[in-house]
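Trainee: Just so you know, the protein sequences line up as chains R and Z, in that order. The working numbering applies: residue 2 is where the first sequence begins, and numbers increase by one. The working numbering applies: residue 5 is where the second sequence begins, and numbers increase by one.
Keep in mind the hints are simulated off the structure, nothing from the lab. Note that the coordinates shown come from a computational prediction; the quantities given were computed from them, not determined experimentally. Check before you lean on any hint, since a few could be wrong.
[Said to hold, decoys possible] With a cut-off of at most 27 Å between alpha-carbon atoms, the simulated DSS-like pairs for lysine-lysine come out as follows:
1. Z:K112 to Z:K42
2. R:K58 to Z:K7
3. R:K58 to R:K72
4. R:K72 to R:K10
5. Z:K42 to Z:K20
6. Z:K74 to R:K10
7. Z:K74 to Z:K42
8. R:K10 to Z:K42
9. Z:K7 to Z:K42
10. Z:K74 to Z:K112
11. Z:K112 to Z:K20
12. Z:K20 to R:K58
13. Z:K112 to Z:K7
14. R:K58 to R:K10
15. Z:K112 to R:K58
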Amino acid sequence: NAGVTQTPKFQVLKTGQSMTLQCAQDMNHNSMYWYRQDPGMGLRLIYYSASEGTTDKGEVPNGYNVSRLNKREFSLRLESAAPSQTSVYFCASSVGTPAYEQYFGPGTRLTVT
Amino acid sequence: AQKVTQAQTEISVVEKEDVTLDCVYETRDTTYYLFWYKQPPSGELVFLIRRNSFDEQNEISGRYSWNFQKSTSSFNFTITASQVVDSAVYFCALSELTYGNNRLAFGKGNQVVVIP
C-alpha cells in the first residue's frame, strides 16, 4: 500500500518551460489536492478535486492547471514556469471534504531559473 | 485574515523537556474540524490528530496530548518528555463545514528543535 505517490521528486526548469507533476493515490479516496509550500508561508492550496470529474481553484491557482484523470490520479501542470513558482509541491488525498484528514505525498521540489 | 495562528515560529528544547505548541483559530462556523500534522526533516507531512468542534475532550496518545478549548478558540499540542525524533515542523489546520470552501487552512507551523 503506497498511499500517495508523486513524480518527479526533483525538477529544475528554465523560465517559460512547461511541465506536469503527477500524483496518484491507492486508498480509494474521493478528494485530491495540490499544495505549494514556501518558507514562512505554510501550505497554500493551489487546486483541489472534491470528487472524480470536478476541480476547483484554491488560494493560489494562477499559473497552474489541473486534471483529475480518474479517481486515482490528479496532475498539476505549469504551462509557462516562472521563478515565483519555485517551491515544494505536495499532493494529498482524503476520503472527502471538509471533515476528513488528508494524506500527503512525499513532495516535489521544483526550481525555476 | 489568517484563520490559524501559530505564534511561536521556532522552539528549542532540551531532550526530555516538555514542549507546548499553541494554535489559535478563527471561524464563524459552528461545525468545524481541527488537525495537527508533523513534517519531519524528510519533508513528508504526517497526520497526527483530527478533532471536531463538538468534541472538547482532551486527547492523549503516548507522549502527545491535545487540549481543545472552544472558549478561547485554541487547540494546543503538548509533547511530553521530548525526544530528538520529535524535531520537526508541526502544523495546525482548520477545516470549516460551511465557510471553508472545502479548504484546509494551515497555520505557518512551529519548528521544534530537540537538543540532545
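Trainee: All hints are to be evaluated individually against the structure, with a verdict given for each.
Mentor: How the hints compare with the structure:
1. Taking the CA atoms of K112 (chain Z) and K42 (chain Z), the gap is about 12 Å. The hint holds against a cut of 27 Å.
2. Distance hint between K58 (chain R) and K7 (chain Z) is fulfilled; the C-alpha atoms sit about 18 Å from each other, no more than 27 Å.
3. Restraint check for K58 (chain R) and K72 (chain R): satisfied, since their Cα atoms lie roughly 18 Å apart, inside the 27 Å limit.
4. Among the hinted pairs, K72 (chain R) with K10 (chain R) is consistent with the structure: their alpha-carbon atoms are about 22 Å apart, no more than 27 Å.
5. Between K42 (chain Z) and K20 (chain Z), the direct Cα distance comes to roughly 19 Å. Compliance with the 27 Å bound is thereby established for this hinted pair.
6. Note on K74 (chain Z) and K10 (chain R): the hinted pairing is violated, with a Cα-Cα distance of about 40 Å set against a maximum of 27 Å.
7. For a cut-off of 27 Å, the pair hint linking K74 (chain Z) to K42 (chain Z) stands: about 23 Å separates their Cα positions.
8. This hinted pair checks out: K10 (chain R) and K42 (chain Z) have alpha carbons roughly 20 Å apart, not beyond 27 Å.
9. For the proposed pair K7 (chain Z) and K42 (chain Z), the alpha carbon gap of about 19 Å is at most 27 Å, so the pair holds.
10. With a CA separation close to 21 Å, the supplied pair K74 (chain Z) and K112 (chain Z) stays within the 27 Å bound.
11. A distance of roughly 25 Å separates the Cα atoms of K112 (chain Z) and K20 (chain Z); the hinted pair therefore holds under the 27 Å criterion.
12. A hinted pair counts as satisfied when its Cα atoms are at most 27 Å apart, and K20 (chain Z) with K58 (chain R) does not qualify at roughly 44 Å.
13. Proposed proximity of K112 (chain Z) and K7 (chain Z) is supported: the alpha carbons are some 11 Å apart, at most 27 Å.
14. The suggested pairing of K58 (chain R) with K10 (chain R) holds, with an alpha-carbon distance near 24 Å, which does not exceed 27 Å.
15. Taking the CA atoms of K112 (chain Z) and K58 (chain R), the gap is near 21 Å; set against the 27 Å cutoff, the hint holds.
Checked against the numbered hints above, the structure violates hints 6, 12; every other hint is satisfied.
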